[in-house]
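Produce the complete structure using the sequences and hints provided.
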Amino acid sequence: MVILESPRRRWSARLLGLCLGFSFSAGFADPVGVSPRLLVNFSAANGKIAESTAVPVEGDTILVVVVAAGADFSNPKLLQGSRPVPAKVIGHDPVSRLQFLQVQSGISPKSFEWLGDTGDSASASLIAMGPGGPVKCRTTGWVKQVGGKILPLALFRVTFVGAVPPPGTPLMDDVGRVAAVVFQDAGVASTGYAIPAEAVRRVQRDICTSGQLVRGWLGLSLRAETQSPQVVRVLPESPASAAGIQPGDVLVSVGSRQISDYADAANAFFYLVPGHPVKVKLLRGVDQLEYSLTPTRPVAK
Amino acid sequence: MKPSVEQIGSLLALKRHERPEDGYWQDFLCDFHQNQRELAVRKSGLMSFASRISGWFSDLGPSKWAYGAGLAYASIAAFALLTPKEAAVQKMAPSQINYQVVPAPAPPAEQLDQLDLSPSTQGNAGEQVF
Amino acid sequence: MFRQPRPPDPDQDFITRAQQGDTRAFDALILKYGDKLYGLVYNMTSHKEDTHDLLQEIFARSYQSLGKFRGSSTFYTWIYQIAVNLTLNFLKKRKRRTGLSLNDLDSSVQQDPALIDTTHEANPEKQTNLNELQIKLNEAMMKLSEPHRMVVTMFDIQGMSHAEIAKVLKTSEGTIRSRLHYAHLQLQSALQNSWEERF
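Residue numbers (my numbering), protein chains in the order written: chain A, 1 to 301; chain B, 302 to 431; chain C, 432 to 630.
It should be emphasised that the hints constitute simulated quantities derived from the structure, not laboratory data. Do not take every clue at face value.
[Said to hold, decoys possible] Okay, derived cross-link-like pairs now, DSSO-like style, lysine-lysine, Cα gap no bigger than 30 Å in a straight line:
1) C:K598 x B:K316
2) A:K77 x A:K136
3) B:K303 x C:K463
4) B:K316 x C:K479
5) C:K601 x C:K479
Values in this document were obtained by computation on a predicted structure and should not be read as measured data.
Given below as structure tokens:
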């Protein structure tokens, strides 16, 4: 687990060097703006254009973008500055609103290193690689629900020095790894929401292999309106029933994620991968138990 | 690192000594008495209305009997009119009443299917299978 | 077999006098148990005005019902139960009110995220001050569900035994232990980032 916090690092000097390094790499289309940035335009309602910065994901010419709510994700226009670049849609995930594109010709984006796991700590100093240059920012917490509505995965709340950069803008840690990408402007006080790197990688894993996100399924249910993440039902012939989980069990942790409420559980379950075992700790009465469950593909209703 | 359960307990036990500010209970008792007086006035208001009605009857003198009889007649007449006559009531065969208790249908599972930060009620209620 | 006689209610004298209309006797009961009930209600609501209003209602309700108090439990247990029930009802209503207003968001207007989203509190600096720890603990308490917060308040803060809590909440000691265990785990997790070696 990687902790983002590094209060002792004087990252500003390092980052300046990093930015300069990015700028002068041959054949590199960086999102910083020193050379024309990669962005994608989507058609939105009322003839408007919804824009997202396009960020290379590790290793190849695949880009990730964030599709604004209500925008038409079927027809993205990839641009380098103002120059159109041919690209093919690999896949789109409607849950996270992430879309992955394959650049077909004309540029070879340098791949960024992405963090594998941002850890539980939700406070980190980062640098947003905005269109106008690097922007200091800081994550100030996890957002698990908005307006009483629980999100399918937790986002970072981020405060920026200056305006919130557009969706898709990568937020880098002090060694130049992408920790998150801007998801949406919160509209107040230079604050926005960002998708953590591990969520992007989780979606990328499936989209780039099968074109769609395939959730890991355990076969247990929770109720959103109850406070504690207590199992309501265990479906027959499910990984949960095979492991011995019972209705009434209270989830304590799923994998490395501590669970304190339903929203935490919803977030943890987002990261389950079919066929990949996960340790689940739970409370039954006064006993703390631990099970290893292997999620399967979702069972058709 | 995490605090131990004992450490949590010690921290919580410190709250045992929390008290409201000085003079709080004197003010509280004043408010309490005031509320009880207002409640008593409200209650006595209803009681006095009832006693005024009965007082009106007793003040009528001999004519109270006429009023009383008239009131009684009106009540009986209303009862007679409203009660169905036995002959007019069709005797129906007792129907089979099934008192089977059917559980209320579970509320629809509201599944949040999109990372959407705009307000809606989706995703805050219902059973979700994971 | 002969049952052991229950010890007399220490408040019997006040109760009898209050039932006979002596308001000063009931005042004495308010002063005797006020702080304890204040602690219960305030730790559950975390709101001074609400605590005051609720306490007024608790004592008013118990005063009005004093005639029906038959002594099957002590007066303190009886009034404590009234306090628990009224507090839980109040919190349910308060949650519904808050929920409705938060849902009333215009989708085109982004609200202050501090008002509309629920986050883990970030803690960039390590806590070194006991007051700050207490603040974190209070925040963590408010994040517990009401049943869990209730048992922590009664056991850890007010020092009641499992048996006493079970009696008041009309549930089993096993349930109380289970709820406490879970609540402690949650509080441990919540204070993880704030904890320092010397505490």
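A quick look at each hint next to the structure:
no.	hint	result
1	C:K598 x B:K316	holds (23 Å)
2	A:K77 x A:K136	holds (29 Å)
3	B:K303 x C:K463	violated (38 Å)
4	B:K316 x C:K479	holds (15 Å)
5	C:K601 x C:K479	holds (28 Å)
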